[in-house]
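Participant: Sequence:
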Amino acid sequence: MLTFSPPVRLQIKLLLIGDSGVGKSCCLLRFSEDSFTPSFITTIGIDFKIRTIDLDGKRVKLQIWDTAGQERFRTITTAYYRGAMGILLCYDVTDEKSFNNIRTWFSNVEQHASEGVNKILIGNKCDWEEKRQVTTEQGQALADELGIPFLEVSAKANINIEKAFYSLASDIKKRLIDSSKDSPEKQEISKKNEV
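Last residue of the sequence shown: 246 (this note's numbering), numbering continuous.
Calculated directly from the structure, the hints in this document are not laboratory data. Since this is a predicted model, take the numbers as computed values, not measurements. Just to be clear, a hint being listed does not mean it is correct.
In silico DSSO-like cross-links for lysine-lysine, where the CA-CA straight-line distance does not exceed 27 Å [to be verified]:
no.: 1; residue 1: K207; residue 2: K232
no.: 2; residue 1: K182; residue 2: K148
no.: 3; residue 1: K100; residue 2: K232
no.: 4; residue 1: K109; residue 2: K182
Estimated spans, in silico, between C-beta atoms of each pair [what the hints assert, rightly or not]:
no.: 5; residue 1: K232; residue 2: A208; range: 15 to 23 Å
no.: 6; residue 1: K232; residue 2: E147; range: 39 to 47 Å
no.: 7; residue 1: S221; residue 2: T187; range: 37 to 45 Å
no.: 8; residue 1: G72; residue 2: D195; range: 33 to 41 Å
Where a beta carbon is used, it is the ideal one built from N, C-alpha and C, also for glycine.
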């Protein structure tokens with residue numbers, strides 16, 4: 052029996068950024084394919100995956116870009132900030148340096164991304180309590196300082212991965228709808244993102 056899927060109504064581009072080794076690719080793989088690989092393979096340049104989700108009864112296509120965290124790829128990856136509608140700033144709760152570097156990543160977003168882009172702070176590897184270097188409270192305090200939502204996740208244990216992507220997509224959808232109500236020009240911009 053054939054099943055009918057309603058057409059995709061909106062396409063949203065998301066970007067994962069953060070230091071190398073924090074688990075950006077693993078978060079993407081868990082969300083897009085519901086799988087996990089324990090081996091560390093560094094992303095060279097940029098990669099992306101697509102997943103279509105149902106959001107408030109509408110089909111939304113998420114185009115999720117995974118960036119390389121190494122400094123040598125920084126100029127390549129900043130070029131991808133401009134078209135992003137949502138950005139996941141990722142750190143590893145077992146690596147304090149990756150957490151301390153979030154302010155630098157946030158500054159890059161402020162400098163290179165579109166104005167009003169939605170952001171969320173993600174603390175990955177929350178299942179590794181015995182190796183934790185960054186507390187949940189520290190993560191929340193930084194998110195509060197930056198004025199963005201915060202979630203701890205685990206790609207390995209599949210904790211809050213769906214919630215992170217869905218909540219960011221939902222915030223973007225709400226922003227697009229709210230902005231399209233403001234003015235006719237913004238309605239045209241919003242319609243360009245519809246497929």
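Participant: Can you list which hints this structure breaks, lowest number first?
Facilitator: 1, 3, 4, 5, 7 and 8
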